[in-house]
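Keeping their order, the protein sequence lines are chains A and B.
The numbering of the first sequence is the working numbering, which starts it at 614 and goes up by one.
The numbering of the second sequence is the working numbering, which starts it at 92 and goes up by one.
Simulated from the structure, these hints should not be mistaken for lab results.
There may be inaccurate statements among the hints.
As the list claims (entries may be wrong) - With a straight-line cut-off of 30 angstroms between C-alpha atoms, the simulated DSS-like cross-links for lysine-lysine are:
# : chain 1 : residue 1 : chain 2 : residue 2
1 : B       : Lys189    : A       : Lys732
2 : A       : Lys630    : B       : Lys487
3 : B       : Lys487    : B       : Lys471
4 : B       : Lys278    : A       : Lys669
As the list claims (entries may be wrong) - Label-pair distances were calculated between CB atoms; the ranges are:
# : chain 1 : residue 1 : chain 2 : residue 2 : range
5 : B       : Tyr170    : A       : Pro635    : 31 to 37 angstroms
6 : B       : Gly453    : A       : Arg638    : 20 to 26 angstroms
7 : A       : Asn649    : B       : Ala269    : 45 to 51 angstroms
8 : B       : Gly513    : A       : Pro635    : 41 to 47 angstroms
9 : B       : Tyr170    : A       : Pro642    : 33 to 39 angstroms
Stated by the list, open to error - Take a look, some chain A residues computed to stay more than 12 angstroms from chain B by CB distance:
#  : residue
10 : Met655
11 : Ala678
12 : Val684
13 : Pro704
14 : His713
15 : Ser771
16 : Thr822
17 : Lys831
For glycine and all other residues, C-beta sits at the position ideal for the given N, C-alpha and C.
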Amino acid sequence: MRDSRKIVLDQIRNSLKSGVLPTARASVPPREVAVNTDYAAMSQTFQRDMEAVGAKIHRPVNSFAAVDLVVDLIQELGGNEILAWDDAELPLTGLPYALHKAGIRRVDQHVPADDAGRKQKLAALGEVRVGLTGASAGLADTGSLAMISSAARPRLASLLPLTHIALLPINRLYPTMASFFAAHPVLTQDASNLVFISGPSRTADIEMTLTVGVHGPKYIHVVLCP
Amino acid sequence: MTNVTFYERVEDALNNEQLHVALNRTTARLGGLRTTAFASLPEAEAVRDRARMIRAHTISKLADYLEQFAANLEQCGGYVHFAADAAEANQIVLALAKQYQVKTVVKGKSMVSEEMHLNHEFEHLGITVWESDLGERIVQEAGEMPSHIIAPAIHYTREQVGDLLHKKLNIPLSHDPAVIVGHVREKLRQEFLVADMGITGVNFAVAETGTIALVENEGNGRLTSTAPRVHVALMGIERIVPTLDDLSVVLQVLARSATGQKLSVYTNLLTGPRRSPEADGPEALHVVIVDNGRSKVLGTELAEILYCIRCGACLNACPVYQQIGGHAYGSVYPGPVGAVLTPGLKGIEPWADLPHASSLCGACKEVCPVRIDIPRMLLKLREEGHEKGLAPAWVKMGLPVYRFVATKPALFKWAIKLSGMGARLLASAQGKGGWLTKLPPPLSGWTQHRDFPPFAAKSFSQQFKEMSE
Numbered sequence: 614m615r616d617s618r619k620i621v622l623d624q625i626r627n628s629l630k631s632g633v634l635p636t637a638r639a640s641v642p643p644r645e646v647a648v649n650t651d652y653a654a655m656s657q658t659f660q661r662d663m664e665a666v667g668a669k670i671h672r673p674v675n676s677f678a679a680v681d682l683v684v685d686l687i688q689e690l691g692g693n694e695i696l697a698w699d700d701a702e703l704p705l706t707g708l709p710y711a712l713h714k715a716g717i718r719r720v721d722q723h724v725p726a727d728d729a730g731r732k733q734k735l736a737a738l739g740e741v742r743v744g745l746t747g748a749s750a751g752l753a754d755t756g757s758l759a760m761i762s763s764a765a766r767p768r769l770a771s772l773l774p775l776t777h778i779a780l781l782p783i784n785r786l787y788p789t790m791a792s793f794f795a796a797h798p799v800l801t802q803d804a805s806n807l808v809f810i811s812g813p814s815r816t817a818d819i820e821m822t823l824t825v826g827v828h829g830p831k832y833i834h835v836v837l838c839p
Numbered sequence: 092m093t094n095v096t097f098y099e100r101v102e103d104a105l106n107n108e109q110l111h112v113a114l115n116r117t118t119a120r121l122g123g124l125r126t127t128a129f130a131s132l133p134e135a136e137a138v139r140d141r142a143r144m145i146r147a148h149t150i151s152k153l154a155d156y157l158e159q160f161a162a163n164l165e166q167c168g169g170y171v172h173f174a175a176d177a178a179e180a181n182q183i184v185l186a187l188a189k190q191y192q193v194k195t196v197v198k199g200k201s202m203v204s205e206e207m208h209l210n211h212e213f214e215h216l217g218i219t220v221w222e223s224d225l226g227e228r229i230v231q232e233a234g235e236m237p238s239h240i241i242a243p244a245i246h247y248t249r250e251q252v253g254d255l256l257h258k259k260l261n262i263p264l265s266h267d268p269a270v271i272v273g274h275v276r277e278k279l280r281q282e283f284l285v286a287d288m289g290i291t292g293v294n295f296a297v298a299e300t301g302t303i304a305l306v307e308n309e310g311n312g313r314l315t316s317t318a319p320r321v322h323v324a325l326m327g328i329e330r331i332v333p334t335l336d337d338l339s340v341v342l343q344v345l346a347r348s349a350t351g352q353k354l355s356v357y358t359n360l361l362t363g364p365r366r367s368p369e370a371d372g373p374e375a376l377h378v379v380i381v382d383n384g385r386s387k388v389l390g391t392e393l394a395e396i397l398y399c400i401r402c403g404a405c406l407n408a409c410p411v412y413q414q415i416g417g418h419a420y421g422s423v424y425p426g427p428v429g430a431v432l433t434p435g436l437k438g439i440e441p442w443a444d445l446p447h448a449s450s451l452c453g454a455c456k457e458v459c460p461v462r463i464d465i466p467r468m469l470l471k472l473r474e475e476g477h478e479k480g481l482a483p484a485w486v487k488m489g490l491p492v493y494r495f496v497a498t499k500p501a502l503f504k505w506a507i508k509l510s511g512m513g514a515r516l517l518a519s520a521q522g523k524g525g526w527l528t529k530l531p532p533p534l535s536g537w538t539q540h541r542d543f544p545p546f547a548a549k550s551f552s553q554q555f556k557e558m559s560e
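Make a model of the complete structure from these sequences and hints.
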């Protein structure tokens with residue numbers, strides 16, 4: 614069999630001998646990455662940027678108020694079924710019990726590996742209107758939520774439903790994406806998927822007219838947990 | 092490529108009123124959004140410098156970084172394939188479709204797949220391909236090529252989009268983008284959830300971790316790389332950065348340059364397929380690394396074009412693109428970047444006219460987030476075209492005449508005087524405030540779609556002489 618990997622890499626190495634590469638240096642010097650623990654200030658920036666792209670930010674005064682707020686939100690949206698991260702991944706103690714008491718049921722989200730089972734499960738998950746997740750981090754300078762996948766943190770909870778409610782503890786804010794990476798050096802080794810979400814899904818493909826709610830959530834609620 | 096010449100395509104574009112409406116509405120808006128977005132970035136110029144440094148360094152060690160990336164992705168359970176050209180890339184993808192018994196494919200945006208004409212290949216095998224990016228879907232349903240690397244359907248008005256999708260997707264007729272998008276969501280959701288294979292492009296691959304980064308706004312890229320059981324990602328050999336920190340730098344300038352956003356709505360970082368305990372995600376991930384002419388470009392004076400991060404800012408800033416749109420360029424990559432990349436990848440022979448589709452004003456270099464010197468390379472290509480006898484006739488004939496006149500001061504002065512007089516005479520006959528609306532051949536091309544400005548009453552050399560006296 615033809616070894617295309619070798620052919621392509623050899624061709625590249627050969628070309629590098631004659632190619633003109635202006636300003637190419639032997640290495641990129643390391644840089645200082647900003648550290649910030651002023652969570653109050655970062656939460657202001659985060660809120661401004663998130664609201665600028667059309668997300669709604671809530672700042673409940675304490676965790677009791679936060680639990681009530683989330684339950685009310687879900688009931689307002691008319692859902693008694695939700696896609697959600699596991700209890701241990703929702704950073705509000707008391708929320709699982711409150712959901713249970715309000716009759717809000719979590720749909721089982723484990724997608725089977727076989728083809729038929731997979732499609733059947735996806736079709737069922739696609740019907741659910743509200744997704745409830747925690748957040749692995751928030752980025753202040755862009756107004757973004759970071760979601761790291763795992764068995765207890767399904768990707769689809771923040772993707773399929775029309776409304777996504779995310780619970781973000783304020784002490785998980787980072788000033789920039791670079792500072793988040795620096796604080797979690799083995800991030801990509803632990804999970805197959807990390808996504809940064811900066812507002813509701815949108816398009817401007819028709820005459821640059823901004824339109825929200827394309828294939829992901831149309832409404833995003835971020836609850837900043839104290 | 093079609094048999095239609097570049098100049099015929101330009102002629103069509105300039106006569107297309109609808110295209111001008113669409114281009115005017117969009118390119119200026121994108122340019123303005125970019126300016127605002129960079130104003131919000133502290134030390135923006137330093138970030139651009141660093142982004143350029145990263146790209147230049149990476150390309151200078153490209154083979155090493157590709158090897159590192161492949162090894163790390165394989166360690167995480169992903170498969171890596173190399174393809175020397177488009178035909179081989181198609182073979183690889185079609186073999187995968189067969190191996191996984193694929194009947195339907197949902198596709199995110201991928202410029203490499205356009206180079207491969209992949210959709211066409213799938214259709215031959217009777218496999219259905221659904222484009223999921225709204226702009227790509229519009230051009231797919233219209234049976235066309237994208238006209239902009241970021242906004243593929245930039246040449247369409249809302250009325251045209253509404254009519255087309257009503258007819259082709261069988262959704263209710265509307266000319267309101269919000270209503271159209273709502274219907275498209277319903278329609279395409281079914282496709283995402285039943286497709287067997289998802290195909291996407293790659294914005295950047297990260298060598299140190301084996302991660303691919305995919306940025307998008309609609310959520311179609313996220314669904315395409317999550318719902319189907321197999322995910323195939325197509326990338327050009329140059330689409331790589333060394334570290335996650337480097338990725339964070341290039342992402343700071345990518346969305347700002349492309350759409351004026353601080354960050355795209357979804358920045359997906361994918362490191363291998365679903366790990367066994369994870370709740371969802373694809374069962375298999377294949378990354379196809381495509382050369383298709385790039386390594387040839389790497390060995391030339393055009394290698395700098397491989398620093399490109401595909402933001403599309405140079406298209407919006409280009410006064411030529413603003414007038415003729417993307418299709419007139421006749422290849423997958425339009426605009427200033429395409430005028431260098433296309434002849435570089437495919438050879439100068441049929442593409443010698445593209446480097447001339449520029450006034451060398453330098454707007455592309457100015458907006459480029461990694462400061463690629465596009466005008467330098469356009470000149471290089473013009474030179475190459477001229478050496479091979481491929482320069483346009485007016486250059487071939489005109490330059491020797493100009494040289495003959497310009498190297499004889501007395502003759503030059505006389506010629507300037509004569510053309511000034513002639514121009515003023517013509518202008519007074521045409522009566523449009525000194526502007527010339529029609530020049531005689533061989534200069535008639537200039538005034539076909541624009542007016543020629545009035546000559547000054549006194550020539551520069553005349554004024555200079557008077558001032559020095």
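Tell me the numbers of any earlier hints that the structure contravenes, in ascending order. Numbers 2, 7, 15, 16 and 17, in rising order.
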